[in-house]
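Student: So the sequences go chain by chain: P and V. Converting from the first sequence to this note's numbering requires adding 4 to each position, the first position being numbered 1. Converting from the second sequence to this note's numbering requires adding 51 to each position, the first position being numbered 1.
Simulated from the structure, these hints should not be mistaken for lab results. Errors might be hidden in some of the hints.
In silico contact screen, one side only, chain V against chain P (beta carbon under 10 Å); selected entries [to be verified]:
id, residue
1, P57
2, S93
3, E101
4, L114
5, V119
6, S120
Listed next, the in silico DSS-like pairs over lysine-lysine satisfying Cα-Cα at most 25 Å (straight line) [to be verified]:
id, chain 1, residue 1, chain 2, residue 2
7, P, K383, P, K393
8, V, K84, P, K383
9, P, K268, P, K383
10, P, K417, P, K340
11, P, K260, P, K398
12, V, K84, P, K417
C-beta atoms are modelled at their ideal positions from N, C-alpha and C, and glycine is treated no differently.
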Amino acid sequence: MSLHTLSVADLSAGLARKDYSSAELTQHFLDRISSSNPALNGFITITAERALGEARAADQAIAAGTAGVLTGIPIAHKDIFCADGVRTTCGSRMLDNFISPYDATVVERLGAAGTVMLGKTNMDEFAMGSSNETSWYGPVRNPWDHAKVPGGSSGGSAAVVAARLAPVATGTDTGGSIRQPAALVGISGIKPTYGRVSRYGMIAFASSLDQAGIMAPSAEDCALFLSAIAGFDPRDSTSVDRPVPNYAAELNTPVKGLRIGIVKEFFERGMDGATGTLVNAVLDQYRALGAELVEVSCPNLPLSVPTYYVVAPAECSSNLSRFDGVRFGHRCENPKDLMDLYKRSRGEGFGSEVKRRIMTGAYVLSAGYYDAYYLKAQKVRNLIAADFKAAFEKVDLLIGPTSPTPAFDLGAKVDDPITMYLNDIYTIGANLAGLPAMSIPCGFDGHLPVGVQLIGPHFGESRLLSAAHAYQGVTDFHRRIPAAYV
Amino acid sequence: MSLTRPKVESIAHLARLDITEAELSVYVDSLSKILSFVEQLSAADTGVVEPMAHPLAGESQRLRADEVSETDQHEKYQANASAVSDALYLVPRVIE
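Just chain P, with the same shape it has in the complex:
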């Protein structure tokens, strides 16, 4: 049986019926990982023994009748989430030797829900990148074409789910790091509202933007897992204390009468022809489902990328100051004094893109430049947020492309930071305004998948997921599997 082609709901039902055990299911995915990961490079660390132990515990819970819907389902965690006793690298040489002494809340909650951790997925170093090429552990391949990137920064999570080496994976999204790779590998990915999911134990990049989410083939899979990780956590001071809906139970909310805003600025700029055609076909599909499509304008949205590339580096330069070669992480050999220890440990431990962003941040925060850059960017950010707020007075959801192009060639953009940064032209706005957003597959440009993006108002995850689910009820792009991985 092809267990890796089943949805989370089907896997859960199969486990409950005892068609197969969690140990068998887990071994099936571990076998797929053993044979495919060397070429794909989606995992940095594979936790096979731990996974089989968790699977046996899940089987006991199923036998005892104490299992929940996620009990025994294997999952891959982005290597940005700390897991007690497991190496947690964040894709960096800096943390190559770091064994996390505790669980991130996301890992802890999914463990408590009975899920089985297969391993830790590859990612752009410290989540800074849009192609997974900045990882210390080498680039991840796109399962649809190994010469192409899988997107980033959650490129490993995206690739292993698309290749069905894991049914689902966690990801994080600071400027598009869940949605853009989801689009480039043909899966679904949701970035929840800022504050919806705890970031405790999730290595910080830009704290006013970072949010954890779920990557899986379908919106239904995402809904099942989002309910398990969302909710208040006193250990994250940005966590919001608000009830968590049962997202799966609300998936069938009809699309009829839903008002969807076509963001004019998204369709005016940058999108290549085939992507535009596919995204326009999604608009027609939603019209056919009974939604009302109206054009809306967010005039300041074109300033998203420059705003982000002030705010995110500024916050990263502050967050990454904790890596000092003293308490944890890489330490240089034979430091001659404390300054030398700091500088060489950081110079050797961080890769070139991370250093670029730390220096950009240090510059925009430095004396004499703060007002012109950081303060200005935080003001423009409020203009962008106000545009979204005005749009959501007219419509329930917004729609646009996720990425301007399908997956590009490995190496094509890695030497040109500005070109690389423009990959996130459509995704950054939701982060700047703290909005929930998701990408779902909407077709193929040749052999490469293309994604469409839905953006909701704050805490509108349920509406996003049900709209995505309705689309996936009448299309099958989310079920397509790359030929090499069937």
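Given the coordinates of chain P, assemble chain V onto it according to the supplied hints.
Tutor: What follows is chain V alone, placed relative to chain P:
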């Protein structure tokens, strides 16, 4: 916006990053390009706009009560440090 080599060296020092000569040339070029790129923000009219303090309007950072909430696990935490002695982190001598 064009940064000079001494300026980039000074930024690297502020950021406590040791960078090589080869890296320096790359960063002079790419940081200059990034700063030119973000320059377009100056055209936005932000006259009466407040800077964003939190992505969710009305939310602010929560404070917790100043109470001990963690147990002592220094041995576990210090297992990740390169040099520890008597529960202290060791660094090169700073006082002669």
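Student: Taking 10 Å as the limit, does the beta-carbon of S120/V come near enough to a beta-carbon in chain P?
Tutor: 9 Å, holds
Student: K84/V and K383/P were given as a pair; does the straight-line alpha-carbon distance stay at or below 25 Å?
Tutor: 22 Å, holds
Student: Is the straight-line distance between the alpha-carbon of K84/V and that of K417/P 25 Å or less?
Tutor: 15 Å, holds
Student: Once the shortest beta carbon distance from P57/V to chain P is found, is it less than 10 Å?
Tutor: 13 Å, violated
Student: Under 10 Å is the threshold here; is the Cβ of L114/V close enough to any Cβ of chain P for the hint to stand?
Tutor: 8 Å, holds
Student: So, as I understand it, the hint says S93/V touches chain P; can you test that by seeing if any CB pair is closer than 10 Å?
Tutor: 7 Å, holds
Student: So, as I understand it, the hint says E101/V touches chain P; can you test that by seeing if any CB pair is closer than 10 Å?
Tutor: 6 Å, holds
Student: Quick one, are K383/P and K393/P close enough, alpha carbons at most 25 Å?
Tutor: With a Cα-Cα distance of about 15 Å, the restraint between K383/P and K393/P holds, given a limit of 25 Å.
Student: Classify the hint on V119/V as holds or violated, based on whether any CB of chain P lies nearer than 10 Å to its CB.
Tutor: 14 Å, violated
Student: Run the distance test for K268/P versus K383/P: straight-line Cα separation, threshold 25 Å.
Tutor: With a Cα-Cα distance of about 22 Å, the restraint between K268/P and K383/P holds, given a limit of 25 Å.
Student: Is the Cα-Cα distance between K260/P and K398/P 25 Å or less?
Tutor: 16 Å, holds
Student: Is it true that the CA of K417/P sits at most 25 Å from the CA of K340/P?
Tutor: 38 Å, violated
Hints 1, 5, 10, counting from the list given before, are not met by this structure.
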